Amino acid sequence: NAGVTQTPKFRVLKTGQSMTLLCAQDMNHEYMYWYRQDPGMGLRLIHYSVGEGTTAKGEVPDGYNVSRLKKQNFLLGLESAAPSQTSVYFCASSRTSGYNEQFFGPGTRLTVL
Amino acid sequence: DAKTTQPTSMDCAEGRAANLPCNHSTISGNEYVYWYRQIHSQGPQYIIHGLKNNETNEMASLIITEDRKSSTLILPHATLRDTAVYYCIVRVARNQGGKLIFGQGTELSVKP
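Chains as they are written, first to last, in this note's numbering: chain A, 1 to 113; chain B, 114 to 225.
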């Protein structure tokens with residue numbers, strides 16, 4: 001099992017450009033999450049999904065959109081990137097929201113110039 | 114979810130037990146205590162969780178006080194590879210999609 005994978009690993013954007021981050025999991029998990037982590041800080045939840053076709057906002061959703069068309073994939077989109085979105089983005093998945101741990105991907109380092 | 118308080122940093126000698134404290138004085142009866150760690154630049158890793166009883170797994174032990182207002186994560190024989198930021202998180206089991214609220218965590222340095 002690959003677990004949770006993220007594509008790409010690194011990306012540099014110019015202000016105003018758009019991009020999509022892809023998260024994939026092969027554990028048949030229902031729940032998926034997108035977090036961001038700024039230097040010296042803990043992770044903050046951007047959006048999450050409790051199942052295929054459903055998404056919900058987290059703590060810091062502004063400037064991002066998500067889609068969960070397939071159970072195994074969770075996409076995070078930046079429509080018009082801003083320097084404030086420079087961060088490391090982590091995706092995670094879990095079986096349910098219950099007592100199960102979340103499994104995290106390796107992260108995507110995004111720099112917006 | 115209840116707020117947690119952890120020391121910013123701690124040191125531990127290699128081979129000794131590392132005891133990481135966490136205060137969660139406003140914890141509710143249905144909230145669990147979770148511990149995750151994040152080794153530099155990697156995604157967080159689940160360690161252990163508990164409700165009121167002490168828990169042990171292959172990675173660590175979790176000691177929760179009887180009043181549940183604080184807990185301690187114990188790494189019994191710390192190695193250099195245990196150097197990481199450790200996050201104590203309190204959450205309701207089935208709340209709002211199972212979100213985890215990460216604080217600043219404790220930066221544990223294991224020294225030779």
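Just so you know, the hints here were simulated from the structure itself, not pulled from any lab data. Remember, it's a predicted structure, so these values are computed and weren't measured experimentally. It is possible that some hints are incorrect.
Quick partial rundown of chain B residues pointing at chain A, CB under 7 Å, derived from the structure [as the list claims (entries may be wrong)]: (1) Pro-157; (2) Tyr-159; (3) Gly-163; (4) Gly-216.
By construction, the Cβ of each residue, glycine as well, lies at the ideal position given by its N, Cα and C atoms.
Verification of the hints:
1. Pro-157: At about 5 Å, which falls below the 7 Å cut-off, the nearest Cβ of chain A leaves the hint on Pro-157(B) intact, so it holds.
2. Tyr-159: Holds: closest Cβ of chain A sits about 3 Å from Tyr-159(B), inside 7 Å.
3. Gly-163: At 10 Å from the nearest chain A Cβ, Gly-163(B) fails the 7 Å test, so the hint is violated.
4. Gly-216: Given a least distance of 5 Å, the restraint on Gly-216(B) holds.
The earlier numbered hint that this structure contradicts is number 3, and it is the only one.
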